[in-house]
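Colleague: The primary structure of each chain is shown beneath.
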Amino acid sequence: MSDTPNVVTGDFEAPTTEPPSQPETADSAAAEARREIHDMWVAGTEEPAWMRSYTNEGAQEMLEAESDPALEIHRGTTVTDDFIVEEPADDDELQILNMGPQHPSTHGVLRLHLELDGETIRRVKPIIGYLHTGMEKTAETLTYMQGSTNVTRMDYLSPFHMELAFSLAVESLLGAEIPERGQAIRVLLTELNRVSSHLVWAATQGTDLGAVSMMIYGFRDREYILQFFEKVTGLRMNHNFIRPGGVAADLPDGWEEDVDEIIEKVSRGVSEYEELFNGNPIFRDRTIGVGVITPEECKALGVSGPIARASGIKWDLRKAFPYSGIDKYEFEVPTGKHGDVWDRYLVRIEEVKQSLGIVRQVLETMPAGDYRTLDRKVTPPPRKRIDESMEALIHHFKLFTSGFKVPAGETYQAVESPRGELGMYIVSDGRERPWRMHARTPSFNHVQALPTMMTDSLVADIVATIASCDPVLGDVDR
Amino acid sequence: MAHRSGPSGFLLTTYESAINWTRTRSMWAATFGLACCAIEMMATGAAHNDLARFGMEVFRASPRQADLMVVAGRVSQKMAPVLRQVYDQMSEPKWVISMGACASSGGMFNNYALVQGVDEVVPVDVYVPGCPPGPQSLLHGILTLQDKVMSGEITR
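Residue numbers (numbering that gives the first Met the number 0), protein chains in the order written: chain A, 0 to 477; chain B, 0 to 155.
If you are wondering where the hints come from, they were derived from the structure by calculation, not from laboratory data. Please note that a few of the clues may not be correct.
Where chain B lies over chain A, by a calculated footprint (3+ residues, C-beta under 8 Å) [stated by the list, open to error]:
no., segment
1, 96–109
2, 120–134
3, 151–160
4, 232–238
Below 30 Å or equal to it, Euclidean Cα-Cα: the simulated DSBU-like pairs (lysine-lysine) are [what the hints assert, rightly or not]:
no., chain 1, residue 1, chain 2, residue 2
5, A, LYS136, B, LYS93
6, A, LYS124, A, LYS230
7, A, LYS136, A, LYS397
8, A, LYS124, B, LYS77
9, A, LYS313, A, LYS376
10, A, LYS230, A, LYS327
Glycine included, every Cβ here is placed at the ideal spot set by N, Cα and C.
Work the whole structure out from these sequences, hints included.
Modeller: Here you go:
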């Protein structure tokens, strides 16, 4: 039954190209009369046999059903976006439409330059840079100690992943070893962050397709996670908690109960979303077969994360290049088949469940020990020592004012952010500040894939496609 | 201010306070989400904090229908003209809340890319500190603005 898709593979009932079978009623008088009308209105065309039992009035209903792209999408027989068969209009007949940068459905300040042929999009040009903050340049003036304050503001829906990528890159240059507890805390926080980011995606995807109640549901469940983040790090967003050398502090007392409650509440919320979306005919009609991207196009455009997985590429950096000991935990990498908005929905919902599974495993196997490296070159002395020892005070002061030196070299470290491959490229010349830092951010590639997904589709599909890409403009423009 | 007399009752007030009261109780905001603060602004509108308590849950996509612009996030040099145009399109009376450190002063980004405070582009009524300000901070900013509107003149 197509209403209960296999969520792990994103499989739903295979689309049929055959017309639906109909009982043979051609001999009845009504069908005979209708055929006469058909011959009268659409002279010279042969009515297919299966159509004879379709009794709708109006000549337009009697045209061949195969030539109607809208009907094909409605039946779900089209899963590609090349269903438009008419000749494209000349350039001077195209209508130019500007969307954004101040538009509620572009998820920030993305601007789209659209060339429309009636309701059909012929060309899309994303225009970016409206949130350019110069963070990569700013990083060159900040020490490695201060660096994670800067990068956490890039992708503001997954700040922990930004901090983690930066810290991993600096640690690979330093050759620092992170204690097991520190790694487990990192995995706990990043996976919870993946859940909270996907909840915002669910909220905005629902809102953009008209289900405004989804906005309330998504932010309600996200709030539970953010309250836990505030308890751990002191901030709801932009935490600056994962730092080179480990994490800033240990988890607070009673964190187990909090995480347990989050898992329970969010799991309940996710089943509510599935109830809302899975059988919803409007949601299905507006997502199935919309915004398709093939695996080959994904690879050519550098698309990663849930979008690539929804088109069938089983690629997850947590499995391919494990970081922070995430390979110790068991989880599945969900993939889809068709690469459309619907499959991306299935993949993301399944990822939320898998991430909650990882969080549960971390909760049960949290090791004891230090939460940051004991290398005194990187880690400040404990608070108690500062009161006792002049040397410790000087050391603490020097570390926070001039930072620590990092050996010369270059490195690239990538993590699987909620949006895809998030990499940090750092070049060090041996001083305490990066000589150059570059972030390879997934949203940038996904925005450049938008024309591929949208060309020759309909205007109404724009918001569905943008929302399914889940772009964060801070991630694109940096 | 109010005085009851007989079964129907009547209310005595000044023209100005009546006008100001109506303005504060349905102040519709234009959606001007830019960065991190926009997420917190959305969270303020969602279930836990519920902006609808102040008659403000209607975020208008069209500046023509908005009374308040919450500049939520960092304003880049490229965005500043757009911001000014949206502000100019809003009909009077209109107010501006500068939400967060970046919108108020450029925040931690003192560089070539950002406008160092949105008050270089539009007049600001209330500055909300924080990076990003939590929903409670934004609510406090909104209540401060309502006080300001209540105590101000109806023309300006």
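Colleague: For a C-alpha distance cap of 30 Å, please report whether LYS124/A and LYS230/A respect it.
Modeller: Given pair LYS124/A, LYS230/A is violated - Cα atoms ~42 Å apart, limit 30 Å.
Colleague: Quick check: the segment 151–160 of chain A, covered by chain B? Criterion 3+ residues, Cβ under 8 Å.
Modeller: Coverage by chain B holds here, the residue count being 3 at a Cβ distance below 8 Å.
Colleague: Between LYS136/A and LYS93/B, does the CA-CA distance stay at or below 30 Å?
Modeller: 36 Å, violated
Colleague: Sort out whether LYS376/A lies within 30 Å of LYS313/A, counting only the CA atoms.
Modeller: 40 Å, violated
Colleague: Count the residues of the segment 232–238 of chain A whose Cβ falls closer than 8 Å to any Cβ of chain B, and tell me whether that reaches three.
Modeller: holds (count 3)
Colleague: Residue count check for the segment 120–134 of chain A against chain B: does it reach three with CB-CB under 8 Å?
Modeller: holds (count 7)
Colleague: Mind checking the alpha carbons of LYS136/A and LYS397/A for me, to see if they're no more than 30 Å apart?
Modeller: 24 Å, holds
Colleague: Holds or violated: LYS230/A and LYS327/A, Cα atoms, limit 30 Å.
Modeller: 26 Å, holds
Colleague: Can you confirm whether chain B covers the segment 96–109 of chain A, using C-beta to C-beta distances below 8 Å and requiring at least three such residues?
Modeller: holds (count 6)
Colleague: Does LYS77/B lie within 30 Å of LYS124/A when you go C-alpha to C-alpha?
Modeller: 17 Å, holds
Checked against the numbered hints above, the structure violates hints 5, 6 and 9; every other hint is satisfied.
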